[in-house]
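Heads up: the sequence lines are chains Y and E, in that order. The opening position of the first sequence corresponds to residue 80 in the working numbering, with each subsequent residue numbered one higher. The opening position of the second sequence corresponds to residue 125 in the working numbering, with each subsequent residue numbered one higher.
Just so you know, the hints here were simulated from the structure itself, not pulled from any lab data. Model, not experiment: these values are computed from the prediction. Misleading hints may appear alongside valid ones.
[Stated by the list, open to error] Among chain E residues calculated to face chain Y with C-beta under 8 Å, some are:
1) D136
2) P140
3) C153
4) G154
5) A170
6) N172
7) S181
8) C265
9) G300
10) L314
11) M316
12) D322
13) E349
14) S352
In this text, a Cβ means the ideal position worked out from N, Cα and C, and glycines have one as well.
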Amino acid sequence: MSERGSIHHLKATDFSELYPSALTNVELRGALAFGTKLVSNRRDNTVAAVDDWQDLRDRASSIKTDVLSNLDQYLQVFEQQAQASGTHVHWASTPAEACSIITGLAEAQGAKLAVKSKSMVSEEIGLNQALEESGVRPVETDLGEWIVQIAGETPSHIVAPALHRSREDVRELFARVLGRPMPEDAEGLTEVARLELRQAFADADIGISGANFLVAETGSFLILENEGNIRMTTSLPRMHIALVGIEKVLPRLSDLDVFLRVIGRSGTGQRLTSYQTLVTGPRRTSDDDGPDEVHVVLLDNGRSSLLAEEVTSQTLGCIRCGACLNTCPVYRQIGGHAYGSVYPGPIGSILTPQLAGLHQASQLPFASSLCGACRDVCPVKIDIPEVLLHLRAKSVADGPRVRDAVTHQKIRRQVGGFKMWSWAMRSPRRYRMAGRVARVMAWMATRLPFIGRCSGPLRGWTKGRVLPTPPRRSFRAQMARRKQSGTPGGGASS
Amino acid sequence: MKIAFFASCLIDQFRPSAGLAAVEVLERCGCEVVFDQRQTCCGQPAFNSGFKSEARSVCSRAVKLLDEQLEQQGCEAIVCPSGSCAAMLHHAVQLLGGAEAQMAQRVAARVYELGAFLVDVLGCTDLEAAWSGRVTWHDACHGLRDLGIRDQPRQLLSKVRGLELVEAKTCDRCCGFGGTFSVSMPGISLAMADEKLDELETLGVEAVVSGDASCLMQLEGRLRERGSSIKGLHLAEILASRESDP
């Protein structure tokens, strides 16, 4: 299995340039505010209606912990059971391997057209590009994903790929790409997409999807959706290929009970998604429809390297519901594209550097106020702030080889400061001196603004914020005087 | 009850009024407040920035002093007028190893944020405080999500004479401070503050009240930049107030 993976079109090292332009994009921020608020409010309301929500989270989390501690065994059982039901199972340790397995299957089929349902793993490995290069035209059939595809973009959200686009935006895009006037309303626009996609379903040689869960016990995979496009993708073409990360396996069919209850509520604020497609092997003679061949491609791409430590392995518990993105105050301001990774937001900030290597995305773990809103909503209880802190500490401790240029500069500037700080904080006398210096500096900067503009942290602060007017005397000085004058509370003095 | 007061470096140096108010409130509730002049910082700035060894050396010092107050000076609890520093003293258990981890465990078991201490330990909600005006509460992230503090400050504020508490929809959204995050990514940090302040300015409040001086520094700094007349006040400052002049 591979040590470290890679992510297609990763440009998280450009984070420092990407996010400022997102912040000044008024349309983007309007769409983000609307979309994230809508979904996270729905999520909060449906979750509030569940009495045993915390219990469900505990159960989901403990099933995932068990899976990740015994991943090899569950995957073996899955493989055996899947094969027994007639599904072909392929193992890919790298994106290149996964792409060549899939393009090889397409070639053997003589395929020219593939319909795809939304799959973040296919984005991760750059499958569409690989298909195009081997002469197969991929057509995305999830509405949001199709919008993103015809716009020549990548998804900005793992559940709602076109969250960054407003309805007017989509209307203009459709009109431009299809070369005809478009209806104003969302229903009308959806109808346009439906008609465009209908022909692709009829013509497709293969269907490609991801999967939300693999079930070891039965060798099945489950895909959840609301548009019906996945049901068509898995049943109309002659061949179906599911591309799935190895961490998606669950031991038993009954485990779906818990996960179906948490994933819809967390992801879209639905009690249950409109469609649940459970695929167990190809079409049987008694079946009305379904593919003649079913393939599952199991992708590692760096995932197994996360299993070594508890702090990192919890990342693999993620069920890609996207709740952490919707609630994250940073994501809500800058959107998904700014992260420069197919996996944005809080989960992306821990998953991207761990899959692709910290040096490829070392700015992301620092792009957080550590507010913990992500941890609160996570249905499998991933302690995202803990992992962010772990990755920050790794950036500092492991040196330049794990940092990108921007992180390296930042940490290099901070090293001396934190050394001095810790030296000052270890002695009350030095601490008092340092405090006095800080207050004098702040006092001077409130009177002479140019001071605030020249030095490091002060400059960051005074960009858009007024400095507090520092007090003449510190709390400790006032407590010491209070003690001298005989008022209680002065306590032991050094 | 004899308590050790952990002031936090930010309150000590930049908002002593909140520290003094907290001491006054605690004494009014019958506590004997001991402030050890040797204390400095809990180590949080370095811990959150990834500088673990620097954080460890500062944190272990704080933990030792507090443990000494518990074990040798007869203090029964540690009270801190900051949820994030109190939460850091909980993180210390994992940060520090060996014998120090045991000390950290003792400290973590007895450390309380001011509002939670007043309500949960002392059972005091009515402090006979008076402050006339309309305010809203900002849930500081670490107090809210690491320590589970949500109702206590609201109970305390609801008993303040003349005070009208209005809830903001964004009450539990981060203010955008986040320690070094606020100066290394100021654009995002300010956008986060603005999302809250846009709502705050529609509520007709005179002040936003919080349990963490760092959030207040961020919110006040931004409010003043925006030319707003809304003030930032620490919970302790309201609770210590006896006069009806905001």
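Each hint tested on the structure:
Taking 8 Å as the C-beta cut-off, the interface hint given for D136/E holds, the closest approach to chain Y being about 4 Å. Below 8 Å, beta-carbon pairs count as interface contacts, and P140/E has one with chain Y at about 4 Å; its hint therefore holds. A distance limit of 8 Å between C-beta atoms decides the matter here; for C153/E the minimum to chain Y is near 13 Å, and the interface restraint is violated. Restraint check, G154/E versus chain Y: the minimum CB separation of about 12 Å is more than 8 Å; hint violated.
Given the 8 Å rule on beta carbons, the hint for A170/E holds: about 5 Å separates it from the nearest Cβ of chain Y. A hinted interface residue such as N172/E counts as satisfied when its beta carbon comes closer than 8 Å to some beta carbon of chain Y; here the least separation is about 6 Å, so the hint holds. Interface restraint check for S181/E: the shortest CB-CB distance to chain Y comes to about 5 Å, inside 8 Å, so the restraint holds. Among the interface hints, the one on C265/E holds; its C-beta lies about 4 Å from the nearest C-beta in chain Y, closer than the 8 Å criterion.
For the restraint placing G300/E at the interface with chain Y, the shortest Cβ-Cβ distance is roughly 6 Å, inside the 8 Å limit, so the hint holds. A cut of 8 Å between beta carbons decides the hint on L314/E: the least distance to chain Y is about 5 Å, and the hint holds. At a threshold of 8 Å, the smallest CB-CB gap from M316/E to chain Y is about 5 Å, leaving the interface hint in force. Taking 8 Å as the C-beta contact cut-off toward chain Y, the hint placing D322/E at the interface is violated, the least distance being around 10 Å.
With a cut of 8 Å, the hint placing E349/E at the interface with chain Y holds, because the nearest CB-to-CB distance is about 5 Å. At about 11 Å, the closest approach between the beta carbon of S352/E and any beta carbon in chain Y exceeds 8 Å, and the interface hint on this residue is violated.
In terms of the numbered hints stated before, the structure departs from hints 3, 4, 12 and 14, listed from lowest to highest.
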